[in-house]
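Engineer: Using the hints, position chain L against chain Y.
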Amino acid sequence: MLSYLGKRIALMIPTLIVISILVFIIIQLPPGDYLESYIAELESQGESVDPQKIAFLREEYGLDKPLWEQYITWAGGFLQGDLGYSFEYNLPVAEVIGDKMWLTILVSFFTILVTWLIAFPIGIYSATHPYSWSDYSLTLLGFLGLATPNFLLALVLLYLANRYFGTSIGGLMDPEFLDQPWSWAKLVSVLEHLWIPVLVIGTSGTAGMIRRLRANLMDELRKPYVVTGRAKGLGETRLLVKYPLRISLNFFIADIGSLLPSIISGAEVVAVVLSLPTTGPILLAALQSQDMYLAGSFLMFLAILTVIGVLVSDIALALLDPRIRLQGGAQR
Amino acid sequence: MKAFSLLQGLGLSLILLTTEAVAGVATEIPYLQPQVDARQLPPMQQRLPEVPAMPSFADRETGQYGGRLRMLMSKAKDIRQMVVFGYARLVGYDAHLQLRADILQGIEVEDNRVFTLQLRPGMRWSDGHPFTAEDFRFYWEDIASNATLSPFGPPKAMLAQGEAPRFEVLDRYRVRFSWPHPNPYFLPALAGPRPLFIYMPAHYMKQFHADFQDKAELDRLIEQAHKRNWRGLFVEMGRQYKLTNPDLPSLQPWVNTTRPPAERFLFRRNPYFHRVDPQGQQLPYIDEVEINLASTGLIPAKAGSGEVDLQARYLRMDNYTFLKEGEQNGHYRVFLWETGRGAQIALYPNLNAKDPRWRELMQDVRFRRALSLAVNRHEINQVVYFGLARKMANTVLPECPLYKESFATAWSDFDLQAANQLLDEMGLTKRDNRGIRLLPDGSPLELMVQTAGESTEETDVLSLVEDSWRQAGIKLYVKPTQREVLRNRVFSGDAVMSAWYGLPNGLPIANMSPEQLAPTHQDQYQWPQWGRYYETGEGESPTLMAVKELVNLNNAWGRTDSFAYQTEIWQRMLQIHADQVFSIGLVSGVLQPIVVHKSLRNVPEKAFYNWDPGAYFGVHNMPAFYFSQEADHASR
Numbered sequence: 001m002l003s004y005l006g007k008r009i010a011l012m013i014p015t016l017i018v019i020s021i022l023v024f025i026i027i028q029l030p031p032g033d034y035l036e037s038y039i040a041e042l043e044s045q046g047e048s049v050d051p052q053k054i055a056f057l058r059e060e061y062g063l064d065k066p067l068w069e070q071y072i073t074w075a076g077g078f079l080q081g082d083l084g085y086s087f088e089y090n091l092p093v094a095e096v097i098g099d100k101m102w103l104t105i106l107v108s109f110f111t112i113l114v115t116w117l118i119a120f121p122i123g124i125y126s127a128t129h130p131y132s133w134s135d136y137s138l139t140l141l142g143f144l145g146l147a148t149p150n151f152l153l154a155l156v157l158l159y160l161a162n163r164y165f166g167t168s169i170g171g172l173m174d175p176e177f178l179d180q181p182w183s184w185a186k187l188v189s190v191l192e193h194l195w196i197p198v199l200v201i202g203t204s205g206t207a208g209m210i211r212r213l214r215a216n217l218m219d220e221l222r223k224p225y226v227v228t229g230r231a232k233g234l235g236e237t238r239l240l241v242k243y244p245l246r247i248s249l250n251f252f253i254a255d256i257g258s259l260l261p262s263i264i265s266g267a268e269v270v271a272v273v274l275s276l277p278t279t280g281p282i283l284l285a286a287l288q289s290q291d292m293y294l295a296g297s298f299l300m301f302l303a304i305l306t307v308i309g310v311l312v313s314d315i316a317l318a319l320l321d322p323r324i325r326l327q328g329g330a331q332r
Numbered sequence: 001m002k003a004f005s006l007l008q009g010l011g012l013s014l015i016l017l018t019t020e021a022v023a024g025v026a027t028e029i030p031y032l033q034p035q036v037d038a039r040q041l042p043p044m045q046q047r048l049p050e051v052p053a054m055p056s057f058a059d060r061e062t063g064q065y066g067g068r069l070r071m072l073m074s075k076a077k078d079i080r081q082m083v084v085f086g087y088a089r090l091v092g093y094d095a096h097l098q099l100r101a102d103i104l105q106g107i108e109v110e111d112n113r114v115f116t117l118q119l120r121p122g123m124r125w126s127d128g129h130p131f132t133a134e135d136f137r138f139y140w141e142d143i144a145s146n147a148t149l150s151p152f153g154p155p156k157a158m159l160a161q162g163e164a165p166r167f168e169v170l171d172r173y174r175v176r177f178s179w180p181h182p183n184p185y186f187l188p189a190l191a192g193p194r195p196l197f198i199y200m201p202a203h204y205m206k207q208f209h210a211d212f213q214d215k216a217e218l219d220r221l222i223e224q225a226h227k228r229n230w231r232g233l234f235v236e237m238g239r240q241y242k243l244t245n246p247d248l249p250s251l252q253p254w255v256n257t258t259r260p261p262a263e264r265f266l267f268r269r270n271p272y273f274h275r276v277d278p279q280g281q282q283l284p285y286i287d288e289v290e291i292n293l294a295s296t297g298l299i300p301a302k303a304g305s306g307e308v309d310l311q312a313r314y315l316r317m318d319n320y321t322f323l324k325e326g327e328q329n330g331h332y333r334v335f336l337w338e339t340g341r342g343a344q345i346a347l348y349p350n351l352n353a354k355d356p357r358w359r360e361l362m363q364d365v366r367f368r369r370a371l372s373l374a375v376n377r378h379e380i381n382q383v384v385y386f387g388l389a390r391k392m393a394n395t396v397l398p399e400c401p402l403y404k405e406s407f408a409t410a411w412s413d414f415d416l417q418a419a420n421q422l423l424d425e426m427g428l429t430k431r432d433n434r435g436i437r438l439l440p441d442g443s444p445l446e447l448m449v450q451t452a453g454e455s456t457e458e459t460d461v462l463s464l465v466e467d468s469w470r471q472a473g474i475k476l477y478v479k480p481t482q483r484e485v486l487r488n489r490v491f492s493g494d495a496v497m498s499a500w501y502g503l504p505n506g507l508p509i510a511n512m513s514p515e516q517l518a519p520t521h522q523d524q525y526q527w528p529q530w531g532r533y534y535e536t537g538e539g540e541s542p543t544l545m546a547v548k549e550l551v552n553l554n555n556a557w558g559r560t561d562s563f564a565y566q567t568e569i570w571q572r573m574l575q576i577h578a579d580q581v582f583s584i585g586l587v588s589g590v591l592q593p594i595v596v597h598k599s600l601r602n603v604p605e606k607a608f609y610n611w612d613p614g615a616y617f618g619v620h621n622m623p624a625f626y627f628s629q630e631a632d633h634a635s636r
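Listed in order, the protein sequences are those of chains Y and L.
Take the first sequence: its position 174, counted from the start at 1, is 174 in my numbering, and no numbers get skipped.
Take the second sequence: its position 528, counted from the start at 1, is 528 in my numbering, and no numbers get skipped.
All the given hints hold, so there is nothing to weed out.
Listed next, the in silico BS3-like pairs over lysine-lysine satisfying Cα-Cα at most 27 Å (straight line):
#, chain 1, residue 1, chain 2, residue 2
1, Y, 65, L, 227
2, L, 75, Y, 53
3, L, 242, Y, 100
4, L, 75, Y, 100
5, L, 227, Y, 53
6, L, 156, Y, 53
7, L, 242, L, 77
8, L, 206, Y, 53
9, L, 77, L, 156
10, Y, 53, L, 77
11, Y, 53, L, 242
12, L, 77, Y, 100
Just so you know, these hints were derived from the structure itself, not from any lab.
This is chain Y alone, in the form it adopts within the complex (with noise of 0.2 Å):
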């Protein structure tokens, strides 16, 4: 075990140079760099940007060396845990991301709840009860969440919010306790603001973890050892949590791989839709503006917490699940 643990850790580290790179090819890939981008944007305001300014700009951003040199530059920098420089917020990238990571976290850990609270019972109960009409109408459900549009929901909820309860348009809270510490109050204003996006993003993971929570007990339930059990007199709620849900609870255990990413930048069009302070809009603005180090430095913490999260997951299987064997392949 320890071996295996040692080798898949020592093979993160070619993985993650070489996203590094992709990651920086990709981000350079569209026409122009962030000066440019930032330009046409003053020019679409009327403003207008002297040539010189823009030369000075470049040089001042080191915009002017060849691709590998700023590279080299940003993974040095990002090794010693420099994430580089954000040029639209002309603020370091750990400053730009550091206040909105807890909100992020915040949001995402109730989505998931949430999902998970709604996913399980239901899959449970419609693995348990196939083919009812019960069954039937829940399925339905979840599909509904999954098919509405995340965005066109948020818009309806954000307006049927401001009309009923008054609460204000977009955001995590009222704009009164933005910088204020926090308080009573303040709690209370982001409960308001929260159900908003976590019932619109959890609602459109909860189709597909009924779906293969159903499939997946349901495959269980079938087999030899569920027969035996129940017919050595077994109670029915231990014969279900016993093993049939254990096992299929894989999937599940293999999706902390991407769980763990989807907690930093999770749903991002919902966020921006609506104005949330979280990470997601963040991102998108910065490979809109080509903010290159800002995000460089994001995609990169995506790809090393997927990393993380798969190696976690593989872990967490490999202890769940017996039947899993670390040193697989040559036994055949």
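Structural biologist: Relative to chain Y, chain L alone:
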């Protein structure tokens, strides 16, 4: 030679008397009273300069102090708009677009060459430090002439035919810039919405300057700010336009107190602001301005639910009905202001198109005229703009003193017959089975119009153009892209035609530079290469006679200081544009909705909303806006 002076001689001394007579009566500002009581601030009379600025209150009422104004912006860097709105300038335009001294007490101009700036004795920065000639000297000698900070030399507007001015400090409150040639670009640059800052808070900025700070301390500051060198540090700390440093002293009415990044920025009143109302009360009336960030798409919705007190940015004509509907519940009113662009949407034939067939076509004046004649502007106005816009060519607006009706109507009446006739004359007589004309090489006349793809407004208008052009035998395709991509396609000549705004300044006066009418910038979409040639000396020079004349006229304007001759030049250039149809204006005078809280006063109901000249709310003296206390305050 005619010398004109902004110092209004006798008029000024009269103002001086009245100011002093009334000023003694004015009471302290409640917001600042605690600080004055605690002796952290001197009383109002000592905070004001000896002669405060007194902007006209002709159609304004004197107001009351207090309140917090809420506005929305979509990005943190948009807080720079507060410098635009605040519009404290050395010299600035008033609402009638006349240049007046503002921060300066006066300015004497000789032959447009020698500019003597008279500061207001006793005027102070927002931190209380005196504002003196030293701040100008510091800018000129230690920034604009410093090889590290300005590797490319002083800004363009400070060069007259390439030559830098001679700078003199006459005394503590007087400085002089003199050029060997006239420099008509100087004053407008000072009055711009994004002004040329020729002064800097020297007492504050010196700590970031290598000539004034010792090395160890400077290195510590550079380290602290995560900068590579002291130039980076200096630029970072001294952004007088972008306001990213809340510690930077300012002369604007409100001063940023929030360090980015943030979701909400709070601006507090500048206790040393230099303007007063007719009763001698220091402006601004409103204590604080709060800027919240929201995504662009949500701003109309938030405005409609009453979450702002003053908002125009990000609101568009198509939000009007929605905004109007929310007036009651949101406790606001919606004003419609004129805008100042030559056209809301204009088509730019790319005279520098890469493909020689298209280039030849685009450079043919008959083709451009025919395209313009084949646009049904009346229909566009009715269908998309509720009939509230104007159908005219891309030229200056009727409110502009240089306007002539013939400029607006030239080749802009819908006349398919004439359009077809012109195209026939060009020899484009063959058509394919769809009725689309064929180019001499047999390919169909299919025009791709590239747009920045940001709003449906453009595509709506263009689909109407598509209908009428078809009847002239021209097929139009719309290709929305992204702004940056569009720019690059136009520059490289890939884009044969593009849709963009009309003239940036539709309300010019003759002593503003006419450079928007001549190829002077790469981002003029009808002749990007010729503009680039003027800007950098690279690329190709103009080949068309009419365009060469525009270049000559523009140069002649820069050499003269005669207002009459400048007017003549403007008229001639506008005439050439009207005649040659270098851009095809589709619709003009689209109105700008402004959401104004019910209790907010002194915001004119009818006015114009424009970037340059205008600075949006800037020329309407935003520091004189105030909240009326009679209005129901609970509604805020």
